[in-house]
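**Q** Chain by chain, the residues run as shown.
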Amino acid sequence: MYTKNVDLRHFTGFKSLTLLCLFLLYAPLIIVMVYSFNDSNSITRWNTVSLRWYYDLFYGVDAPKFKTAAINSVSIAVMAAISATVIATMAATAMLRAGRFRGKSVSFALINLPLMVPEIVTAVATLIFFSAIGFTTGYLTILIAHIVFCIPFAYLPIAARMQGIEDVYEQAAQDLYATRFQAFRLILLPLMAPGIISGFLLAFIISLDDFIITNFVKGAGVETLPTVIFGAVKQGIKPNIMAISTLLLAVSVGFVALSYFVGRMGEKSNPTTTKQGD
Amino acid sequence: MAELPKVNPEGLAKTYSGFGIPLILPAWIIIGFFLVIPVAMMLVYSFLTKEFRGGVIWEFSLSAYDQFFLYRGLFGDSPPVIEWTYISIFWRSIWQAGLATFCCLIIGFPTAWFIATRTGRNKTIWLFLITIPYWVNLLIRTISMKFLIRDNGPLNEFFLSIGLISEPFHIINTNFAVQLGLFYSYLPFMVLPIYAAVERYNFALSEAAADLYASRTVTLFKVILPTVKPGIVAGCILVFVPSLGAFLAPDLLGGAKNFMIGSLIEEQFKGAAGNWPFGAAASMILLSLVLIVLTFYARNQTRGQI
Chain A
49 MYTKNVDLRH FTGFKSLTLL CLFLLYAPLI IVMVYSFNDS NSITRWNTVS LRWYYDLFYG
109 VDAPKFKTAA INSVSIAVMA AISATVIATM AATAMLRAGR FRGKSVSFAL INLPLMVPEI
169 VTAVATLIFF SAIGFTTGYL TILIAHIVFC IPFAYLPIAA RMQGIEDVYE QAAQDLYATR
229 FQAFRLILLP LMAPGIISGF LLAFIISLDD FIITNFVKGA GVETLPTVIF GAVKQGIKPN
289 IMAISTLLLA VSVGFVALSY FVGRMGEKSN PTTTKQGD
Chain B
-2 MAELPKVNPE GLAKTYSGFG IPLILPAWII IGFFLVIPVA MMLVYSFLTK EFRGGVIWEF
58 SLSAYDQFFL YRGLFGDSPP VIEWTYISIF WRSIWQAGLA TFCCLIIGFP TAWFIATRTG
118 RNKTIWLFLI TIPYWVNLLI RTISMKFLIR DNGPLNEFFL SIGLISEPFH IINTNFAVQL
178 GLFYSYLPFM VLPIYAAVER YNFALSEAAA DLYASRTVTL FKVILPTVKP GIVAGCILVF
238 VPSLGAFLAP DLLGGAKNFM IGSLIEEQFK GAAGNWPFGA AASMILLSLV LIVLTFYARN
298 QTRGQI
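Residue numbers (the numbering used here), protein chains in the order written: chain A, 49 to 326; chain B, -2 to 303.
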């Protein structure tokens, strides 16, 4: 039954399943996007195309609430991502560039711990911890919790990048009398830049997305975009929710594209990799 | 997105030797102080006495675990029998998460395979398309699903308009809706690790199998699947673990009757129940389940390397 010409990579039906997979992933998102432009008070009936609900988002009754939440979300995400990126860069340097030291094997598990503990458990533990030490929940507790779970997400691309860079460049710099700090700042850090940027973007998106942990540690009064959206959805999906969802969706897609281009740039600029399989 | 070759896989470069501890210290402090200690504290809390409307009284008590596993009658004086309410919530969660993992695998493997066997620009585009939903806010994806499948939502309207059904399909607030939500939430987590494994697959193995007259199906099951198994196992873990503790899908799509572990725990802290020790105990049990899965995975991985 077997003929030599058959493509062994091909399986019948796999392409249709892939298309089905993409359809399943995109259909709900596209439908929400389309309905966000619906000029009707009801989410069911289709009227005409308009930007009414986007206008409502910025100038409507709920506008101040969304605005505060957006400012909180973005400021927390920026600070959490910066902190996590700095910590992760230092940790990656320790793990990949500092030879052996005590506690190295445990460190790897520790950095990845936030990925292994289920989110809801982290949320419960963090809430209990802050309440036990009498730390009032609010903006600062959200920020701290976000830094913790952003660390592994920032670490992954940074460590992957550092692993791909040979240490000969830093050695050469040191042979030319650069101090270790200079070798780090002038050689390793520029080579690392794409990995660091990817790590930052990933951490930023992860922080912006988080609902469960934020919901637990936010306390009264402080809201982020996901918590405010969740609260609104509990009362039923309104058209303005679809508008804000579409905006957030656009932000996410923009970030993937950005991180993708940074990654591309990185591949081209890495001196160590002679060949890139494309 | 292509993986860089690992020039220094063991991390033995010594440029900054001696600075290891100061460099790793911030990560240790932040994660140790704000995750390890809190989890330890949660363990302690699960053995304390509850205070009404949240919080605890610092008095040792096994009542949280007792409430979880045993039923002692309305007044607490009957001989204890096994309490099935919470065990069945856990059981349902395990079942739902397992089923979601299976469904993700059924559709995720062919997808990953298909993408990994494309060439050049095509591959990048397909991969990009799969990655985008992975980055979109989970809450928004769950809301989109809720919007789509509700009784008078676009899906039902479409089915009604083509005359496939005469009255709306009732999907929302069923176990099936939760299942759909979990599947939809974590599908990309299945595709990406399998994709990475198929990329490394050596097609000479398939050729060898074909030369020895293996059929396509035999090659798939006897050669390909065992070879890419690490990727499959990783994908299953990445889907199963978050599904088990999922909160958004059961809460938004399942309604009150389709409780899963996540909602049970949330209820103890944010909801009406307000029983912190019980919530801490349920979290500990969930964490133990996850650790069992991960240990099994780690052992499997190390055995694979030998």
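Warning: the hint list may mix true and false statements.
[As the list claims (entries may be wrong)] Label pairs and their in silico Cβ distance ranges:
#1 B/Glu204 to A/Gly302: 18 to 28 Å
#2 B/Asn149 to A/Leu68: 17 to 27 Å
#3 B/Phe218 to A/Tyr187: 46 to 56 Å
If you are wondering where the hints come from, they were derived from the structure by calculation, not from laboratory data. No residue lacks a Cβ here, since even glycine has one placed at the ideal position from N, Cα and C.
**Q** Between the beta carbons of B/Asn149 and A/Leu68, is the distance compatible with 17 to 27 Å?
**A** holds, 25 Å
**Q** If you check the beta carbons of B/Glu204 and A/Gly302, does the distance land in 18 to 28 Å?
**A** The hint (18 to 28 Å, Cβ to Cβ) is violated, given that B/Glu204 and A/Gly302 are roughly 43 Å apart.
**Q** For the hint 46 to 56 Å, verify it against the beta carbon of B/Phe218 and that of A/Tyr187.
**A** holds, 54 Å
Checked against the numbered hints listed earlier, the structure breaks hint 1 alone; every other hint is satisfied.
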